[in-house]
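Number of protein chains: 2
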Amino acid sequence: MPEDGTFDDRVRDRIGDVNSLVCIGLDPAVAHLPPHMGRSVESAVTFCQAVIEATLPFAAAYKPNLGFFVALGRAGFNALWAVRHSIPRHIPVILDCKTNDLGETAAAYARGWFDEFDFDAITVNPYMGEDAVAPYLTDPRKGVLILCKTSNPGSGDFQDIRDGAGVSLSLRVADQCRTWHERYPASVGLVVGATYPEQLADVRRRCPEQLILLPGIGAQGGAVAESLQAGLDRAGGGLLCSASRSIIYAGSGLDYDTAAGNAARLLRDQINASRAPAPANA
Amino acid sequence: MPEDGTFDDRVRDRIGDVNSLVCIGLDPAVAHLPPHMGRSVESAVTFCQAVIEATLPFAAAYKPNLGFFVALGRAGFNALWAVRHSIPRHIPVILDCKTNDLGETAAAYARGWFDEFDFDAITVNPYMGEDAVAPYLTDPRKGVLILCKTSNPGSGDFQDIRDGAGVSLSLRVADQCRTWHERYPASVGLVVGATYPEQLADVRRRCPEQLILLPGIGAQGGAVAESLQAGLDRAGGGLLCSASRSIIYAGSGLDYDTAAGNAARLLRDQINASRAPAPANA
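These protein sequence lines are chains A and B, in that order.
In terms of the numbering used here, the first sequence has 170 at position 169, counting the first letter as 1, and numbering is strictly consecutive.
In terms of the numbering used here, the second sequence has 3 at position 2, counting the first letter as 1, and numbering is strictly consecutive.
Next up, chain A with everything else stripped away, as it sits in the complex (with noise of 0.2 Å):
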């Protein structure tokens, strides 16, 4: 698979070539990881390599979580770079780090985490508006996926607020997300929960053609078939279902990492139990 690529069809290759729109989270809170393990800086990523080694066949793409990273204090960027290049090249990995800045700050953003850090993708939140967006989005081979509507209770606080014109807030997100997607030479993919399958079929409407990142599927109680109805792409694909929990913490013994490949494997079989038409490629 070619490593230049946009990072549009370097997802799409990869959920063709392991059939699967597994993305797994990597949330390495050091408290529950198996307990004969120990709860060190050095246990978390022996973890996170371990599982990655075990999801590998099943997962289109991984997606560490700073606020884990941090949480290790000043050794988690050590962490999170080692958790980074414990992942082979060409399968995406997202950071899910909800960035947000202005001008010269968000490029200082953009060069740490894609060309320091090597991420393929980051996750970013659109409150600031276009010009805080537009730095993430000069390179071609990186994907930023915009928070749209996220998986929380408390998300409807703000993004479901409603314009004169009952346009929510979450939507007019989308609008722009397309329009960004459009303009400029990185990917422009949403995050939506799958909490919300309603608002999930309203943002694929309007937006055909982008890749959305899924949250919530698994520990967050979203239920797989309405989700893929609602989210899936004409082509049965631009899906990415994120779970971190269910398939990280499966298991608790010394056998955590098998344990977490075969959850991997299960969440892959029943997504694509409701994937309809299969991908010509499966």
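Some chain A residues close to chain B (C-beta under 10 Å, calculated; not the full set):
| # | residue |
| --- | --- |
| 1 | D28 |
| 2 | L67 |
| 3 | N79 |
| 4 | T106 |
| 5 | A111 |
| 6 | G113 |
| 7 | D116 |
| 8 | P127 |
| 9 | L148 |
| 10 | Q160 |
| 11 | R163 |
| 12 | G167 |
| 13 | P216 |
Bear in mind the hints are in silico, worked out from the structure with no lab data behind them.
Computed from a prediction, not measured in an experiment: that's the story for all the values here.
We put the CB at the ideal spot given by N, CA and C, even for glycine.
Got chain A; can you put chain B on it based on the hints?
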């Protein structure tokens, strides 16, 4: 000064002690360091430490910006740690990270920024809603500054969207910030750009008692007198005027630290000339 008061108390005390509303933004972009220093991670840290030492007498607070530490790559967290711990413990330090995430992830960020890195306050993006903000609000000694109306031209893309009653998103956020300040143990303040003095005045009317962090003075062109009139609270305080590049890059020679100190003193004096009535402890 006691270190166990609320964040608001500590800021108010420090403003009184140095008779200054200046918050110094630490944005160590290696490309902007004085040429004689080179462009290493170590020089970024040395630069910040020298600027801190020279500006201490005029600083109500410091605000390191995470983006510039991310740009340093995997050594960025060690640099951030070193910079934070170069600032005396009694001076409030705000990490400008614009964090936003849910549940366990938000709690992980809180643990990392507040407990591991020992920051006194962080900036938080409100897009995800109250249940995504609450995990940062549990510690009465800490502060959370919520993005309300940001200083950039594109801030209106979403923040100016008006609901059916004609209230803008940024003012809906301001109303929530007031509620959160009353309801949670931590101090809740707001971030409002100096570039929008009318909206700053609206926010101050809705949140008369809360701390406002005002970026955009200096390099971004916000007018000092107008901003102060709009943003000061009834006691002539409650405002941190944040300036970064105009202070830390005031000079580029061997005496860059002296130049930074002079720029900070000048800004303090310029701000104080617009403060009326003078605070009782000035």
